[in-house]
Amino acid sequence: MAVMTYREALNLALREEMKRDPRVFVIGEEVGLYEGAYKVTQGLLKEFGPKRVVDTPIAESGFTGVGIGASMVGLRPVIEMMTFNFALLALDQIVNSAAKMYYMSGGQYNVPIVIRGPGGPAHQLAAQHSQSMEVYFYHVPGLKVVRPSTPMDAKGLLKAAIRDDNPVVFIESETLYAVKGEVPEDPEFVIPLGEAIVRREGRDVTVVAYMGMMYRAMEAAEELEKEGISVEIVDPRTLRPMDAGTIIGSVRKTHRAVVVEAGAGFAGMGSEIAAFIMEHAFDDLDAPVERVTGANAPMPYARGLERAKTPSKERIMEAIRRVCYAERS
Amino acid sequence: MAQKTETKKAGLPAVDTELARRLLGDMMLIRRFEEKAAEAYALGKIGGFLHLSIGEEAVAAGATSVLRRDDYAISTYREHGHCLAKGADPRRVMAELFGRRDGLSKGKGGSMHLFDKSVNFLGGHAIVGAHLPLAAGVGFAINYEGADQVCVCYFGDGAVPQGEFHEAMNLSALWKLPMIWICENNRYAMGTSLERALAQTEIWKFGEVYGIPSEPVDGMDVLAVRDVVGRAVERARTDKTPTLIEARTYRFRGHSMRDPAGAVYRTKEEVEREKLRDPIALFRDKAIKAGWLSEADVRAIEKDVNDRIDDAVAFADASPEPPVEWLLTDIYKED
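For the protein sequence lines, the chains are A and B, in the order given. Per our numbering, the first sequence starts with residue 101, numbered consecutively. Per our numbering, the second sequence starts with residue 1118, numbered consecutively.
Extracted from the complex, chain A is given alone in its bound form:
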């Protein structure tokens, strides 16, 4: 184990996979000479050269399509979105080309690509640069969607995504790049896609949360421990395919569930998770599932408004108390 930042863990995953497989290359805006807008690709141009670290002009649909086309004939591109907000310009390529190619060719052409970059609420970046983007992708059959919360997951899941034979949308976070944690140095350390993890064991309530919301839920759990509420936290890590088994297993143990998501709640991840808990564990529930979501508003710029947009520790704690029928202490 080594201690490194989330950013360094991603960088290490890229370097290891590029060394392991000559078909893997990195393509996107500012990934080479500039070393990445968020420095995730730092040092790669020097180590692997311009053939495998490809700077592009600002043309998201164009270079995403290039990656998809190259993958159809045998390469394994890692396409960087400088931020995932820009992926909307390539949404047609991701949804109509990448996700459906294997199906509409009757299994002849698969698309082994990773589309990665930061997304989710960031610090005062306002409406167009600060939003939860996974919702646009996890609805689509043919895509896999990953949201890695820790440095260890960032490395292990990115390596799994690169080795996967399907298009994987891999959304990191600006707010987590500097987070430090333990990361295995073994180049064969891979975390399979589609496996959730129990971040914190507890008896009274299951909280499902990922990325920044997972850390906030963790703080809420520590405080509630003092009130005598034991919180279990499950991080799905991969949103599609979702490891429903681990979440259901936890709910069957605790009999209560709160789902936290940073994005606007309407038809969000929380809706889906609440629905399958209801479908599979209705008889185990002692209270209705609660959703704690971002406000149904675009992300504002002003600091106070921005704080109000995203679920706070207090709102998470209130929801947990409600499902536990606990009085506020």
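Honestly, the hints are just simulated from the structure, not real lab data. Model, not experiment: these values are computed from the prediction. Virtual Cβ for every residue (Gly too), placed ideally from N, Cα, C. Among the clues, some could well be false.
To be verified - Label pairs and their calculated CB-CB ranges: (1) A1316(B) - L189(A): 21 to 29 angstroms; (2) D1187(B) - P241(A): 51 to 59 angstroms; (3) L405(A) - K1293(B): 48 to 56 angstroms; (4) R115(A) - A1314(B): 26 to 34 angstroms; (5) R115(A) - E1451(B): 42 to 50 angstroms; (6) K119(A) - D1427(B): 51 to 59 angstroms; (7) E130(A) - G1308(B): 36 to 44 angstroms.
As the list claims (entries may be wrong) - Below, computed lysine-lysine pairings styled on PhoX-like, alpha-carbon distance capped at 20 angstroms: (8) K1234(B) - K1450(B); (9) K1293(B) - K151(A); (10) K151(A) - K139(A); (11) K1403(B) - K1392(B); (12) K151(A) - K1403(B); (13) K1420(B) - K1153(B).
To be verified - These stretches of chain B come out as covered by chain A in the derived footprint (C-beta under 8 angstroms, 3 or more residues): (14) 1214-1222; (15) 1245-1253; (16) 1271-1285; (17) 1420-1428.
Given the structure of chain A, go ahead and fit chain B onto it with the hints provided.
The following block gives chain B in isolation, referenced to the frame of chain A:
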């Protein structure tokens, strides 16, 4: 329309009987295939959208005649001809149109999504403009692997106003990709004429903007198409120079079977006038006059083509429907 003239000819062998037979045979095969597909559509055996390329066969036949089998081709939703010319089995193409199990895509793709990996035909894409970046990616991969294949990308005039056309032209010129961009300009994007869609209607001129060789060609003349694509293939194969070709052609039928006459946005007189440029009739007459083919040769080709397409229809008819379990296969590739 002003034509940019090119005097230099490609270093291609002179036309002989074998080549004439291939070119005429390919064009007639595509024509017959689509006539029979239209009949099957009328009988309800083919559903959804069916876009015919009748009148445009010289582009697919001429371009493919200068490709190697391991070169790549990628196309739009009006791609039956490109797929057949590249070497796909007409029986499996027809079965795909019928939505049957033995179709190229197991019946999951249909007319608009033909793929045949065995002949490097990369689809069948139905979002206008979207397959141009994919094609550039194929060119990128050829260079990455140090290979000497080329990639032909067919698209319509309707793709030219799309941003992705310009992104793909720029990237192919910037990165020197071994591409042959072939715009089949049939003058109408569905019902919108060129003049109503483009500020610059001389499409080949967009190549000049991106600094790549470009030229227009009479898309009804299979030998002219063969020559201009032949030169482009040489450039792409030897020094990775992409080329933009504007093949001026015309679809004799409507946009799709739901627009059978194409009568609202163009005149009957225009259609009848264009039919005088029928690429099959023009080349047949030329081949007989030049002595490449005899009348008997032409009849033999016609009989062979008719037999093959009858066989394709019978094959498609006999192929079973895909089993319902196939709904949930081929979504993810798992090892």
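Against the structure, the hints come out as follows:
1. A1316(B) - L189(A): 21 to 29 angstroms: Holds, since A1316(B) and L189(A) (Cβ atoms, about 23 angstroms apart) stay within the stated range.
2. D1187(B) - P241(A): 51 to 59 angstroms: At 32 angstroms between Cβs, range violated.
3. L405(A) - K1293(B): 48 to 56 angstroms: holds, 49 angstroms
4. R115(A) - A1314(B): 26 to 34 angstroms: violated, 47 angstroms
5. R115(A) - E1451(B): 42 to 50 angstroms: violated, 27 angstroms
6. K119(A) - D1427(B): 51 to 59 angstroms: holds, 56 angstroms
7. E130(A) - G1308(B): 36 to 44 angstroms: holds, 42 angstroms
8. K1234(B) - K1450(B): holds, 16 angstroms
9. K1293(B) - K151(A): This hinted pair holds, its Cα atoms lying about 13 angstroms apart.
10. K151(A) - K139(A): holds, 19 angstroms
11. K1403(B) - K1392(B): holds, 17 angstroms
12. K151(A) - K1403(B): violated, 48 angstroms
13. K1420(B) - K1153(B): holds, 15 angstroms
14. 1214-1222: holds (count 3)
15. 1245-1253: Three-residue rule met by the region 1245-1253 of chain B, so holds; n is 7.
16. 1271-1285: Three-residue rule met by the region 1271-1285 of chain B, so holds; n is 4.
17. 1420-1428: violated (count 0)
Checked against the numbered hints above, the structure violates hints 2, 4, 5, 12, 17; every other hint is satisfied.
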